[in-house]
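Student: The listed protein sequences correspond, in order, to chains A and B.
Here this note's numbering is used: the first residue of the first sequence is 1, the next is one more, and so on.
Here this note's numbering is used: the first residue of the second sequence is 623, the next is one more, and so on.
Just so you know, not all the hints are guaranteed correct.
Below 20 Å or equal to it, Euclidean Cα-Cα: the simulated SDA-like pairs (lysine to any residue) are [to be verified]: (1) B:K817 - B:S904; (2) B:K1042 - B:S904; (3) B:K803 - A:L389; (4) A:K380 - B:W794.
Listing some non-contacts, in silico: residues in chain A with all C-beta distances to chain B over 10 Å [as the list claims (entries may be wrong)]: (5) L49; (6) I62; (7) I101; (8) P163; (9) T213; (10) S309; (11) I311; (12) L330; (13) F343; (14) E383; (15) E450; (16) E528.
What the hints contain is simulated information worked out from the structure, not anything from laboratory work.
Note that the Cβ used here is the ideal one computed from N, Cα and C, for glycine as well.
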Amino acid sequence: MTSILNFFILLPFIGYIVSLLIPAKQETFISRVAFFTTGLHLAVAIGFLGWWLFNGHATLNIKDIALFQSPGYEFFVDFYFDKITAMYLFVGSFLTFLVTIYSRAYLHREAGYKRFFNTVLFFYLGYNIVIFSGNLETLFIGWEILGIASFLLIAFYRDRYLPVKNAVKIFSIYRIADIGIILAMWLSHHLWHENITYLKLNNYTLVDAQLQTHSLVGVFISLMILISAAAKSAQFPFSSWLPRAMEGPTPSSAIFYGSLSVHLGVFLLLRTFPFWEHQLSVRILIGVVGLITSIIATGIARVQSSVKSQIAYASIAQIGLIFIEVAAGLETLALFHFAGNAFLRTYQLLVSPSVVSYLIREQFYNFVPREHTFEDSLPKKIEYTFYMLCLKEWNLDSFMYRYLWNPLKWAGKKLGFLTLQRALFFFIPAYLLGVFFLYNEEVLPASIHEQLPIVFALIGLIMVLKSFTERKRARLSWSLVIMNHFWVALAVSFNEHFSYNHTVLYLSGITIAGVVGFICLRTLKTLEGSIGLDQFHGHSYKHRGIALIFLLACLGLSGFPITPTFIGEDLIFSHIHEDQALLALFISLSFIIDGLAIIRIYARVFLGPHVKSIYEMAYRSS
Amino acid sequence: MKTQNSTFVELDTPHEVKSKSSAFNEHEVIHELKHYLPAQAPLKDFVHHNTLHAFQKLKFLDALGEASELFGYKVLLSLDEYRTLYKSQRIREEVITKVITEQKGAAAKNEWTEKLLTKVYENAATPRIGSLRSNWKRHYQVDLDSLVHPILFRILCSYLDQGISMWNFPVWHKGFLPSVKEMERNSFTSFFRTKRAKNLLLNGNYAINDLLKILIGDESLYEQYLFDQQFAHPGWSGMVSTIENQPETLLDQKKISLHDLITFELLLEIDALDSQFGQNWSPLNHKLKDKPVELFSKVHKSELHEVLSLWQQAFEWSYYDEVLAGIQAPTKKEKELDEKSFQAMFCIDDRECSLRRYLEKFDPTCETFGTPGFFGVEFFFRPEHGKFHTKLCPAPVTPKFLIKEVGTRNKRKKDIHFTKPTHSLFRGWLITHTLGFWSALRLFINIFKPSMSPAAASSFRHMDKYAQLTIENKNPGHREHDLQVGFTIDEMAIRVEGLLKSIGLVKDFAPIVYVVGHGSSSVNNPHYAAYDCGACSGRAGSVNARVICFMANHPKVREILAGKGIVIPEQTQFVGGLHDTTRDEIVFFDEDSLSDKNKNSHVKHEELFAKVLDYNSKERSRRFESIDTKLSPAKIHDKIRRRSVSLFEPRPELNHATNALCVVGRRELSKGLFLDRRSFMNSFNYKVDPEGQYLFNILKAAAPVCGGINLEYFFSRVDNQKLGAGTKLPHNVMGLFGVANGIDGDLRPGLPSQMIEVHDPVRLLIIVEHFPDIVLRTIQKAPETYEWFINEWVNLVTVNPETRELSVFKEGAFHPYETLQKTVKAIADVAPLIESHQQNIPVHVLS
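Next up, chain B with everything else stripped away, as it sits in the complex (with noise of 0.2 Å):
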């Protein structure tokens, strides 16, 4: 953190100023108006990402001042939140110092000292959004929302539901604005009030412009107008937005669009104003005496944002000083293995971290790995009697391959509960008669002995493990849907090849390595997706695991790696597997093809797994109140797969709460520290990539991905009301696409409380082994990676691989970082440790 100048960069809007005479544009406000909607898809393809995307064109801290003062979000923790952690010490004083010594200079040290810890700040003033159309209220004393939103909503469900309603939207495959328009035209009713706004949907003048002439009359007003009307129900016009973008996100495709939405809507505005007052209103800038501020006009820098600013970064370098501390702290020296007794390869997943300090706490001879848990291989995958292919690597790729699930032995269970005929006049009759009462008895064994059902979601249930893959391809023409049924020798050879070097395995192999994909399992969570693995689309990493072991084990696939210098002997078998991070449970699959002297060892291994799970489920108890942490680790595993199957469980794990770094390099470099959980691991040796080709790949992934979720936990936790979905007890599932509270909410995207309340919303710290000098010419060669480096998304700390001296990433270059704590607590054992409170636990080492 070098000094830099105390005045802060001038800021750009992050809307191009347009002058003010420019004509309303229709094409260009939908195309900024999606840019700045939730992109949250529909919930069973949940996948974290940057709640604020819109503004990452920003400096972080200014973007959180833009997108306070546009949006009204709550950005950053309360001032009282920040003076409370400063008491506890959880920010620390010295931090505070460097900090404002830094950015403000040391004459003003005294000045925003006082500012920080004790001057009195007012609330700050209203946002722009809304208050155009706040107007309606102020001068027509109407409340449109009132009169527009609940209809609205309600046609919109009805018309992208998957699933719910019995008797779906009659008219669907010619888009939305068309298929209300077909109803109207034919029918008795009508879902307007009066006849004006009917009859200019029948006769096709419904062009944005002319309706916004109807009802706002200034041109100059259009815009705002509309983002004011979009952002009073943001929820359903993200979805809108997602689904026009990516339509194949809905199982039961249905076209619609951002365009028809506000169409629709401001005929209804109409409509809503015609039922009221007649045709005779005048448009909204008639009454208007004064123009509201331009929302996209240039903000201006409050005092208050620029304290909590200051506040953020100590907090965060609060704990990263004391991280990186620890990275610095001499530990013991393992020497180097002779024999290893198996590798393992783990996602790079926060939830793994302490279970592979277990593993290599129970067997030292053990080596464990970090990568992102697709394990470099990208395909849709297609379940046998499925009809649909799910996709299984990182959201943004497009696989050009097909995996396929044969030979399968899973029947699914039905629960009758869930069906239709529960909700019809005559058969729900009989059905109450006889299953309301096996209800009763279901509720009773529920509460009283939790246990999976149907109705929960298992990772377990994500591929048979008996089934076979078709992962092999012999023949390029052998195509389905459009996709190549298998991976080639060669294809298979490179994506091999890719993952070990970038983890850096590509010698001493141990007879046995294993690759471990996760998921999680819950009931009655619309969030499952959220909890399972985010580098394979919000799905279990079971069939990822499996494909790159085959891969890995092909003869032929060998050949060509050793022809590249990777001798993978003879003897060495991978075995995938896959961890149930709520339940933490493993099961490996294909174990049969093991050789008899590694099946022996591999028996071996699965006591071990055993152990180590119940050691790291003893560790997350500690999170939960209604776990007592001093109780035996298998009891303790007891009680958490039961609470994963609990209906009234709201929390049956806490995902990636409490995540705050992501440390790419060897292990060595992190494996004598207990870092709670808090970190995303990648493997990565300096060595076998001296030019940074497999870091930037590393990063390029890292930044969006642990990035993402990270932001979106810290906005989640900041603006839990507005950028997260609020408390999850009452929410009413829409469509099997969205939640809502109650039956006529808006649809709310982001984290429930429950997910985030332990979160400390700190960016993401990626710690990279590496010599400063090359990873910033890794981090420059995507701009879309750079941006998020730059623009201080995420922070970055080098590690010298050989002298461990540090250095941060500030305004486009690296500086020495020297750490302000300077002893780092030792402990030899962890269990005192994490029996003795709730909270987060400071760095130590482990002796």
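So that you can see chain A by itself, here it is in the shape it has in the complex (with noise of 0.2 Å):
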């Protein structure tokens, strides 16, 4: 009955893939693929919660695959299922397979009819194989899908400019998120020496024997997994993105950033519970960073004028209550709370429409001019101090700007003087000098050799800053990027003797990738001319196919599971050492800016209102 675990994750890749080869005026099969896969889903979801809850609920692990194998490492994929998997099998399947019915009349003769189940059957199966994961490595595989899958939903509209502009931004938290998993699995594999399962991690004596000797990793694991987790749940101080993602149609608003998507921080929370169990200070961290959104995200909710946004907020506060829960132990309460709270907002995203007439018959049977609420009883300055902070959502937004993102943007502009030839100029030589002195190390002195693979990675660091704030240039900001990932191989080359088939397997995807989006761009370049980055172009809507091709080499350049990149990059880590934390920083640094930067690339040139077309386009503002 194990390996039943498997058809979850086959039956949306099945109907992933099947909806894709579909031709889009086909309205009827497109949803009636999604249909059955989701209905499908759901039966046999059901009929085996049922088989399971009656023989005992034990805790099924099945190992699958194991994609790579050399001594001392191993990349396997893992599939878990205990009550945690249930409650979220049960709620997604449940969720997905209405919203799909009622996607089916409500996207109607849209433009983008067969793009939306695409995407919905995608982050389905990005959902389920975040939940149904037996171990760090296969969550993070699902987790790529889902931010992905998240960035197309939001950006649905692409043609207008605010879903691209929240889309992008989203996808920088995301990729936060997507980072802290990154280093708690390098230092999680320096922890156990292998890549450990969940099972594994209930098994008390031996987490706690671990811990005990490496209390700092353990902490610093933790504390990664609360940035991933909270980043991913809308928490505190990552809140803002959750309302700005209401962006696409209701529907795949209520379901993903009401219920599902926003849930899954609490699923990761849940999921490593026997991990940071012990941890008091963990515990009280994770209860804090909950209390602390609760309290300013139902502020934030109290002042809402529009529908979405007062949903988004008031579940961020329940979210933040779920925290407090999971932090507490009260995992079966979380639970419960997770299936009512994403129930609750869902519907309440679905008839949002509705309000209007709803509570303007209210309020024309019932209106009080001004209703008192218990602010009105503080002494007015501090009254309107809390009330202008919530309207400006403490300043939430703008704080990732101030503290993250325009930080590297300032260091990007110092580099305004590196032009194609420039860094071509210095990356050859200098890179063929890298590659010499790794074959010859014997000419190095042993205090140099210490230090290159920093240098090496700084260098790669600042190719990506670069490639990130280039106002013009596409394809030199796109080579940075390819240049930075050859620096990092670099870097780790020096750091630990390994297999030359680690950096070839981290290469390949990279070096494909990269040459295909080259080539993509130079098309675009010669048909269209200018394709600068200081604004958005919008060919999508007219080269749907270099379009398609481009986000493919996004993807394989980002490290996205359909390379081997994605094992290489896991890989790379897991040879810096554990004590390297500058290595480990810079390069974690770089590939946080690397998906930026790509993910840039495709929505400045891609995405956004049509360049060429100045009618038929919706204003800016809209």
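Take each chain as given, in its own frame, and dock them per the hints.
Tutor: Laid out in structure tokens, this is it:
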């Protein structure tokens, strides 16, 4: 019966692939595929859940396939099933099925009907991989899929400015969550000397023994998990992304940002609970994050005057409470709270357009000129201050800009002197020199050798910083990302002697995707003239084919699980020692910015209002 | 369409050309701005109007060219769309030839035909609007929109909010800017990022002139800058302007003005620039190398626009010609009925067109009429327990009367999902653990078995069928809220006489006269008011129907009428009703007062109505993808009802989509025609009104009302992004008065794509059955009415009631018209026709 776990992953996968192959005009066929995929998924899920509940609801684990093996390292896919998965499976399956039916009629005649169902199924695939994952590596595959699918759903109306802008914004927050997991994986690899499964984490003596000796590493891992969870569940200080995700068609906002996606941070915490259960400081911290979030988000929800942002903040506040429940070890309560919140918010969002007729009618019969709220009893100055802060969302939205992206941009702007020629002029000789030293290490004094990984990683970081802040040339920006990966490979190669295969594995996807992407950009440049990064061009309007290929290239270049680079990235990290915090910082930072730079190129070149159509394009502000 | 001089009339710019040196006049500029901004009222009062009303002083096609150049609107279909229509023969070749020959001369025929059919045109240049303000980005690398809009929209929405937020804007009674100022003065934080703008506000140094001096520097650019600034978010500016003009449109009234909005926005812009550059930045004019083209300077005609204009006329006349051929086609003469089973009055609404056809088909002895759905009675209505009253007559009219509802049995049902506790922290915790699971069940039921819920807007809920209305006023001193409660006998008689004479029903009364208003029911539809009766200010017409019936049944009223020659037999009774156009259901009022004889026949009529509604829903269903039109009428009707309460159905009905005609005349004029629900129909008998007295009232209303509906559909269809609301799927309700995309967007006035996608953008053709000279005199009586015709925002044709000869109104005179199409297809039964396809069906004669 354990092997049925595979079914829950395989079915959405098949459904997704089939949905890709159907011609866009065949609305009925497309929606039927989605209907049968999610319907069958729900039916089997209910049957399986029944069987499982009546047969002692044991924890199931299945080690599926090892994608890569080398001495001391194994990357394997592992599936796992317990009551947490059970609840997430039920809620996810139930809501996705209903929303699929809902969207069948709702999206009728909408341009992008096919794209919508493709993305929904893709999202659902990612969701199932995450909730069935038995180790962090498997979870990470699903996590990445969710990130891209979210980006595509938010930017569903890709020829308008705001959806694209917000999609990029949210992607950047998700990127932080990704890196949290990468770093957690990196250190836990060093902690356990294997890719540990959740099953083993449940073994108290094992965990306890390790943490006794490596308490600092343990706390660090927990912190990374907390950052990932907080970012994904829109907790403090990341909250402001959730309302901004409400740009797609209402049903997609309802199911993903109202219910499934936003509760995955909670899932991550529930999953890793055995790991940090005995770290009191971490538990307190999680509780405090939850508490701050619920207080702030409640205040913000109180002043919202648009229906979707009100629901979003009310939901965030409840998730804050769920964080507290998880921290307190009230797993079952948290699970029910998750389910109730998911159902409630999905329904509220789906009926949100009705709010006009309902509330206007209520107002017509029950109007009180001004209702007294408890804030009215506060001193005026305090009242106004809190009101204004809540209206400004406690500056949470600008916070990210001010403290994260703006410093990066500032640093990038200092690199204005780097042109493509200069970069190549420097890159090739320096890199060749690096490679030369790699094979002739004996000529280097040990003290320099020791520093080289950091130096090279820093060069890589500079490359990608420049790429992220390049205002004009898309191809330069793209090339710099590729270069960054090469520098990272070089840096790590100095760090440890390992099989040449690892580097090949890592760079193979990068190279192919890099070349393909470069060709796409060059073709487009020849066809359309300017593709400068200082504005949105919306070229997917006319060049759908190139846009799709380039999107795939972007995925490849950013280490998405479609090329071996995905495993390579994890592998590269495994060669960074646990005491090399600076190296890990540089490399993880360049991975964050990599993803951002890549998605920025894609968004600027292919999304947004089409640069050559003045008419039939919406106002920028709409 | 008589040959016109091939050159166009020299254009006047709509905006008075001012001398270059003229100083900036704040008052005048704001006045102009308000004129051009969208004028759509809050959602609950959605009434259709001409989207480009600001250009109505110009000839239609010239106005379109100008609007396009100035504001970047797409104003007609694209060249490709016209050419596709031509290929599918929806635009007829002979009509193209005729249009070109008339306007460009026979000599240029080939040249222009080639231009229309094959010539390739480049996309037009960038619009003028926005060109000045875009210099911030070009020369300062600063994106003011991103820095200013989100916080500005948020503050505006919170200030104007009608009941979404739980904690309202803390200062409100002083007006917008003073409220913000008050909060800024007394707070530890600020909406501004820097000091200067805040101090300008607090110290009262915020005259628009002074702020523009800091920002722009050059006075000659101020006006254009303000246009650029406000048209970067026309939705919000338009809403503010509308609320400033009619504060009563919000139930929770808010004081705000466009002046306040502009001032605050200018302050925010200064603040944004300060935060980027400190206080050391120079005004925009310092970096400006050359001035952009002045917004209102003369517009030069582009050839592309001329080509599109010709296409548009050919498109319109291809359809008009077919209709006019139908009107002239000989139909079988019906002999005068001796005994009429009943008479029924409906709204002129195009949605009643097919219903009347089926009534007449299944009961040839009945007679139907059309008239604006407020039935000539204008008043405010106050439902029992209501805290407000609503206007039930055309929006421009301000009634002096109040009708109250008493003795209602309706109980309003609650739905906790919309209530505020679900958004609070602790109650929210309890609710998610309990109601949360109930929501899952509700969602399940709603998807598999949709049914009427408190969330839906229902036409039948507008007034309790069993409640009483205070219609008769016995003491003029009886006033409430400065309105007279009810109508006196004389006032009633005037209104009944007006109604009956205008539709030509002055004799041969049937035993029962139904007066049927209309409304609609839908769920998940913020635009619900647009689906109701436009003549009742976007409400259902049930109260009006009941009120006019009460008046017409009143013995004393009949006495007065008899004195004026309108003798209503004693056995004749008027019965009010309401047709729900979405669900295709009818409810009747006060049937208990019917005489026994009438009661018996009413029962039979109800059966007839039930059957007719089934058939009507079948005809409507042909436009809906999800319903198989070949099913039986009863089955389809079930699906139609279900559709109206389905959360996931963005098209509960198609409202006025495809409207194109307005027939003003006796029923015989169009009775034998299948017009595919595309026509407004106003009953009128030239014999009753030889001098055009009532005709004037009809046209005075029909031009702006039907024309307004038609043009709103027209412009929302041709530019759904800038003049329409775009797709409704991502819409988010803002403050209960508007919709936006996402949470930070501009408001989206106009119609969503789901309402207009099947609409063909053709201007309204008003067909009047009267003599041309009378009609000419009639339309010239009021300049504001005449403007619609002389500037061609609607087209006008008369049918000579005696000879059926046609005349077209053009350039101030009527010219004879011969149809190009000589024969019209005939059919015996419409069923095979409506089952055949979803597109518009040509005019057919029903044999």
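Student: Hint by hint, note whether the structure agrees.
Tutor: Comparing the hints with the structure gives:
no.: 1; hint: B:K817 - B:S904; verdict: 18 Å, holds
no.: 2; hint: B:K1042 - B:S904; verdict: 48 Å, violated
no.: 3; hint: B:K803 - A:L389; verdict: 16 Å, holds
no.: 4; hint: A:K380 - B:W794; verdict: 14 Å, holds
no.: 5; hint: L49; verdict: 15 Å, holds
no.: 6; hint: I62; verdict: 30 Å, holds
no.: 7; hint: I101; verdict: 5 Å, violated
no.: 8; hint: P163; verdict: 7 Å, violated
no.: 9; hint: T213; verdict: 40 Å, holds
no.: 10; hint: S309; verdict: 4 Å, violated
no.: 11; hint: I311; verdict: 7 Å, violated
no.: 12; hint: L330; verdict: 12 Å, holds
no.: 13; hint: F343; verdict: 4 Å, violated
no.: 14; hint: E383; verdict: 6 Å, violated
no.: 15; hint: E450; verdict: 43 Å, holds
no.: 16; hint: E528; verdict: 14 Å, holds
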